[in-house]
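K.L.:
One-letter residues, chain by chain:
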Amino acid sequence: MLYKVGSKDEDPEKTGFAHLFEHLMFGGSENVEEFDSVLQVAGGENNAFTSNDITNYYITLPANNIETAFWIESDRMLSLNFNPKVLDVQKSVVIEEFKERYINKPYGDVWLKLLPLAYKVHPYNWPTIGKDFSHIETATLNDVKDFFFNFYAPNNAILVISGNISLDKTKELTDKWFGPIPRREVKRRAYKKEPLQSEKRTLDVYNDVPLDMIVMGYHMCERLHPDYYAADLLTDIIGSGRSSRLYQQLLKKNPLFSEIDCYQSGDFEPGLIIFEGKLNKGVSHAIAEEAIENLIADIVTNGVTEEELEKVKNKTETNIRFNDLGVLNKAMKLAYASYYGDTDLVNTEATHYLGVTQNQIQQVCAKYLKPENCNVLYYHSKK
Amino acid sequence: MTPLNRSVAPTTSAISDISLPKAICEIGPSDIPVYWLNGSTEEILRLEFVFNAGISKQKQLLIASATNSLIQEGTLTRNAREIADGLDFYGSYLQTRCAVDDSQITLFCLKKHLNKCLGIVLDVLKNAQFPENEIDIYTKNSKQRLKVQQQKTSYLCRRAFYKEVFGEQSPISSFSESGDYDKISRETLLGFYSQHYQNSIKYITISGDVTREIISTVQEFGGNFTLDKSINSYHSTKGQTENRYIHKPKSVQATLRIGKKSFNRKHTDYRRFQLLNLVLGGYFGSRLMKNIREDKGLTYGIYSSLESYLDDGCFYIEADVNTHKVGIATAEIYKEIERLNNDLIPEKELHTAKNYFLGSLLRSIDGPFTIMDRNRLLLDYGLSENYYSELFTLIKETSSEDLRTTCNLYLNKNSLVEVVCGG
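Protein sequence lines, in the order shown, are assigned to chains A and B.
The first sequence: position 374 = 374 (my numbering), numbered continuously.
The second sequence: position 237 = 237 (my numbering), numbered continuously.
Same shape as in the complex, but just chain B (with noise of 0.2 Å):
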């Protein structure tokens, strides 16, 4: 036997091919698209509820969280410790987000409670109450929690750099004060859930152990509504931006964020912005990460994201750094902005950053729930089904120049802005 030569890698083979399993639609005798996924031995299921019922349907600040927040504290039957028992007995759980655009009610549970868990979730869906106390408390809690956020650089440049980038009427810059909380009424909350709740849902996903007999249930379930078909518009004009600082007295890290209001998922430049992205601050081989952390220790991480809405978007770089380094660290930050913008990415360095792209890819499509995800960003963004293939390629002949291309189209330097929240 040859002894063992650990100086020469093993070979590795690139990776082919990415195909994305398909969830598949019915439309059941209701107008409600149903889409579900196969892929789970464990006889368990996650149901999403989607509705047109995000931040960007409000129109005065919280309604849509609090509404969102508060559908699961009380019908007309059953009060908040009731559905709460009802689910919990059953060892399922109910989340629910609000986003931007649109809001969701998920239910993870075992196949075998299925029918008992979505008994709730139609009452609740049909019947919320919204109890004057129940809203007491969720309002007290609230700015009880947003009093520890206040106290965060994070929190607080995150918060600075939104209102920067998309103005204050963009719902992606819609931050709210405590006295925002003494606002929300009852009557509001039922008038937001009766138009965008009660009667009418986007659609419904069911991922994991799914048979013929729970896909005819759930489109059953579905003909309790009809089709929500409004669309999302946001899209924002603000012009000018202007750096900000924000003074925290003893903060021992400063929070920085650099950047800009750019585009979403639809952009054809989009998958090469990601590309690049990927290259200047998005894993861990990236140059921010590389120049920052690993050559001068400045911060325990730095990173760089697309942020994709589907009516705007934006990029940024984001750290936490050591409050004496913060000019060090900026500059360092426009310096690599500057080499992507002149220099050509070395074909080593291109090549890596190819492969780590398509390996996430593949990791991000484990398990029925996250190919359910994928599966939905087609369906919101209505982008082709065949875009993870075109993704595929398109990333595999991205050129060196191409990508100095896309930055110096995206990435100038004046067009940043520069958010810091330090002591």
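Excised from the complex, chain A in its bound form (with noise of 0.2 Å):
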């Protein structure tokens, strides 16, 4: 079940709370008190996840018993009970959560800076646990109750069933469990478009961390343009395995880095290309930053071979066959594709990467990955 919700919709002063709403919708809806031991007698699991844009709850249970995830699902979409006390808990919890994932381990702090560097105007602005934990802790129950009856709604959400199940019996329990939900209105808060960026951006991190590093952060295009598919296969040449630019330039072959990765951040609107890298002794982050800069610059200059294309097509088609075996994975797909605005693209994905050329990675790479696009964060280690 994903709620077109997430923490881009949050009010900047108050953020984290599409997240920990998630931790709420487990606190017991109208009729059900108990989420998830009614799903665990029905010898089912489930969970959930917040990201920038969505909210996704996910049940798997045996196919006979398919009618209890039919009944808690569609009853915490009818009304949450509001227990004080599941929020006091729930605040406490996801404070704890924040201190596991983002401040008590070396460089879990990375979004924490990175974003609010990246984007000026954009509630990317800031990671989905929230900015701070003052954040969390000031929620109360109304502001649960507006976000509830203003986004958790069956005109704001995609249901997916995935495995032993007919259309028909699909139909009918939806109907039956769904079908009596009325609209509500959505509304959400305007914000605006990302600016172009101008100018490189960068920032000093000085942190109890074992070794220096550096991230370097570009704008990119949003998930439906048509410049995605070649961007995303630019960076499986530039950094995904071992056959990879970074791993053999400069990971081997001039070891500058221990480690060092290049991703995209996989958002709907305009995300971010990812290069990060635990930097070797004695590497100063200068040089650190221009090894990746001409790594950048020889394939705008040169391109990309036939066989790096090719290469990272192939991986790209053994991915998508390999999480295409879950029931799982399936309904995932299908809800982010719906999500989308095109249901279709779980069929034609594939076609899509097929059909990138060396030129697309060649301008691809020109159009974004440019200094004054990207946004560094140099972490000095304790010397």
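Hint data in this document are derived by calculation from the structure and do not stem from the laboratory.
Predicted model, so just to flag it, every value in this text is computed and none were measured.
Idealized CB from N, CA, C, for every residue including glycine.
Incorrect hints may have been included.
[Claimed, not checked] Chain A side only, calculated, beta carbon under 8 Å to chain B, not exhaustive:
no., residue
1, G44
2, A48
3, G241
4, R245
5, K311
6, V346
Given two chains presented individually in distinct reference frames, assemble the corresponding complex, making use of the accompanying hints.
P.N.:
Structure representation (structure tokens):
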């Protein structure tokens, strides 16, 4: 069950709310006091996650008990029970989550630092956990109710069923359990597009970390932009696997880094292409940054080889096939495609990747991976 | 049409049976067992090459894992880059894994590329060279990663716990310091390689879209090796254990582990202990999760586990908790253990736990790879092929009294050791 609400829909003064709310969805609804135990009795399991764009809830259970999932999932769409104790406890739980994932381990705060540097007006400015735990501490039951009745509406949700069930049965159960829930008016905060960046931005981070690190985030296109597939393959050519350019050139041939990655953030609206590398002893941030920029410049000038492109296309084909294996993966993929507004994408995705040309890769590289479009974090280790 | 009554739960039916599709073993012209399992229409394959080359086989720290990692960094005729290019070009993945009991090389590929990939895998297994410069890079990078690990309370706590429970000598508590990496030599790696990889193999598995032709190809591949029947023996006999506190300044959370040495999957009480563990801390509805997270909000997550090795085992509870609340969390954990020792688990709770247990068994056999993983457990531990159907019956028949007895036998507060790492 995908709800079209994520951290980008939050009030900049009340960040982390969409994710806190995800926790509250397990705290009991109008007719189902204990969401989890009802499901466990039916042999099922569930979880959820929140992103910048969406909140996704999923349940896996034996096919003959599917109606239990319809019952509890529809009931928490109908109404939560808004228990004040649940809110209090989950605030503490989320604050502990904040510490566990973002503070109590070295480099856990990368997103807390990088996003505000890269986004000045768009709400991708903060991570889903929120800017700070004070925002979570101040959430009230009224905030919870407003958020629920504004976003948790049937007309703001996508339901996907996958597994051993017929279409007729699916329709029958959907009508029975979700049919009676009325539409709600969904109001979204207006926000601006992130303007084009015209100058490189940098930030020095002095933290209790064991190694120097560099993180470089370049703005890229949105998910449905024609450049998306070329940009995604470009990050694979640069940074995916042992044969990639970063691994071969900057970890093996000229070992400046002990670990180095390149990936894209996978957002629906314009996201980031990120380089993240831990520096070897004696390597300065300036040298590391220059090496990455030279590697990019080489692609801008000379392009990529036919073999490289064929390789990442083959990898993509393998990934798509392996991912299509389980029922849960299939459901997730359908939910995302439908959210993007093109459900058929689950069938056509591979074709989009196969159609990318060497020329497009080179153009996309020149268009997005340029210095004035870049946001850099320099992590300085404690000497 | 009658209006929908949402206060009444839809009827559910109990899981009536669990049948694990059995991997078929074929021993080809060589002695090497090839286990295969067909179950995909996606034209994909996973091949596992399993060696008796785990940590329990090493005589010097890090040698087993270093051999395993560096095996794909160069052969007589291919350098590291050519190996990586060769596999990546066909969209294939070669994963290496080194555990306490065994090590393996796993190939993921599309069916149409199998033969090309197998050629590279064979080269890696027969002709690896462990070039000095690759050892240098590996050593340097591993030391960097270790530095990062050593800053984490979870790592420091885990390390101290295993050393406390299994003693310094057990392969399970084989943690290394930065200096141990400097002692790795090419000769030692080549020695370990020739003894445990080059000539002998434990078995091979194939799962996915398997055909007759593929089985023959893999059997032929197996013909390059002899069967490794060696066993692992390292059962630890450490007696007294002590509680440990590791100070890590400025931590905003402390990692807490409470547990003990126990037994492995072969023990007759293992399955009941699994169910008891589930009730205590093995799922989201467990007592620890409900008390420490859902009632008191002291942690993001708390769980308990049984860890099974071929010649040992342990039980532990772990959580990252608010630094100032370690005392309360620990007291509540012991309270929950006492309750299980004294009081019977209510019928409703036991019913839920049993259904969840069986449901997760079902979920764990979704798809050819996970079914093969389950088959491998039976193989490795020498368990009967009826293990899962027996498990099914045993779980159904276990009573609250049985679980209290299990708890009295194995979860005595005085037998548990407590390790905390925090500020």
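K.L.:
Does each hint fit the structure? Answer for all of them.
P.N.:
Here is how each hint holds up against the structure:
no.: 1; hint: G44; result: holds (6 Å)
no.: 2; hint: A48; result: violated (12 Å)
no.: 3; hint: G241; result: holds (5 Å)
no.: 4; hint: R245; result: violated (11 Å)
no.: 5; hint: K311; result: holds (5 Å)
no.: 6; hint: V346; result: violated (14 Å)
Comparing the model with each earlier hint shows violations of hints 2, 4, 6; every other hint is respected.
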